[in-house]
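J.: Each chain is listed here by its residues.
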Amino acid sequence: MGEAREPLVRIFGILDISAEVITMLVMIAVVAAVSLIIRHNLRERPGKFQNILEAGVEYLDNFFSDILGRKNARKYLFFLASLFVFILMANYSGLIPGVGIFKYFKAPTSSLSVTVGLSICTFFFIQISAFRAGSKHYIKHFLTPIVPLLLLDELIKPASLSLRLFGNIFGEETVLENLYELLPIGAPIIMMALSLLFCAIQAMVYTMLTASYLNEFIEE
Amino acid sequence: MTESAIYAIAAALAIALSTVFPALGQGKAAKAALESIARQPDAAKDIRSTLLLSLALMEALTIYGLLIAFMLVGKIG
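One line per chain: the protein sequences are A and B, in this order.
For the first sequence, this note's numbering assigns the number 1 to the initial residue and increments by one for each residue that follows.
For the second sequence, this note's numbering assigns the number 1 to the initial residue and increments by one for each residue that follows.
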């Protein structure tokens with residue numbers, strides 16, 4: 001369930017290139033290309049495209065400032081914003097016609113391996129930045145009689161994050177596939193329109209929860 | 001009853017029960033949020049983000065049920 005399909009290319013027997021990896025590589029190429037082009041044409045008086053992107057960055061900045069406070073939001077924006085952009089693009093890639101049905105492309109977040117990978121990154125990000133923000137406070141947080149529960153809590157947080165993202169996107173893709181088999185043209189559109197909303201909300205929820213988990217440690 | 005019939009019933013129960021009860025909880029949360037927004041429109045922004053967060057946490061329960069249901073459906077012979 002939710003496992004990668006038969007790998008398309010095998011390198012050295014370990015590094016399998018599956019449909020998710022191809023989609024992610026295409027996605028990263030698109031983001032990198034847009035960033036490079038926009039950086040090359042950066043102007044004091046922004047054009048239409050630059051304006052849209054600036055508004056997006058400002059929105060993210062305000063969004064995280066509400067949770068973490070202005071100073072900390074700026075400090076950790078590099079990770080949180082890239083997480084948001086990655087998850088948003090990954091979720092939306094499932095809506096491109098043909099992705100998920102065509103053999104070479106599949107929404108990356110509809111596979112458990114990808115979301116668990118993301119959550120492992122999130123786990124280490126939260127713990128390391130909490131430790132660096134104040135090691136005394138971090139250690140004091142764990143010096144209570146209920147240490148086992150706290151440790152369990154820290155491990156359950158990323159697990160629930162990854163399962164939530166995976167379950168939502170996987171369920172949505174499954175519904176889309178079933179509707180496609182029912183009536184190839186027309187039926188999936190209803191679900192796709194809803195997905196436009198849900199994909200953005202899932203990306204938002206993931207980063208929002210990450211930010212508030214981080215906030216538990218560093219606020220003072 | 002054959003084995004696959006039991007799996008089918010279990011899958012249906014898993015998704016049905018895990019839809020009904022979180023939905024009730026979400027309804028309560030949304031109702032409270034709407035009431036407080038109507039009473040205090042200035043605080044709408046804060047309430048909205050908190051509401052979204054709590055709705056997502058409740059939604060997770062449904063998703064766990066959905067995953068179990070998919071797993072059980074996969075077992076039907």
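Keep in mind that the hints were calculated from the coordinates and are not lab data.
No residue lacks a Cβ here, since even glycine has one placed at the ideal position from N, Cα and C.
Incorrect hints may appear among the rest.
Stated by the list, open to error - Straight-line alpha carbon distances no greater than 20 Å define the calculated EDC-like cross-link-like pairs of lysine to aspartate or glutamate that follow:
hint, chain 1, residue 1, chain 2, residue 2
1, B, 45, A, 153
2, A, 75, A, 216
3, B, 45, A, 44
4, B, 45, A, 66
Stated by the list, open to error - Label-pair distances were calculated between CB atoms; the ranges are:
hint, chain 1, residue 1, chain 2, residue 2, range
5, B, 36, A, 194, 22 to 32 Å
6, A, 197, B, 64, 46 to 56 Å
7, A, 192, B, 42, 29 to 39 Å
8, B, 13, A, 113, 23 to 33 Å
9, A, 219, B, 36, 16 to 26 Å
10, B, 36, A, 26, 43 to 53 Å
J.: Does each hint hold? Answer for all of them.
T.: Cross-check of the supplied hints:
no., hint, in the structure
1, B/45 x A/153, "29 Å, violated"
2, A/75 x A/216, "16 Å, holds"
3, B/45 x A/44, "32 Å, violated"
4, B/45 x A/66, "10 Å, holds"
5, B/36 x A/194: 22 to 32 Å, "27 Å, holds"
6, A/197 x B/64: 46 to 56 Å, "22 Å, violated"
7, A/192 x B/42: 29 to 39 Å, "36 Å, holds"
8, B/13 x A/113: 23 to 33 Å, "29 Å, holds"
9, A/219 x B/36: 16 to 26 Å, "24 Å, holds"
10, B/36 x A/26: 43 to 53 Å, "44 Å, holds"
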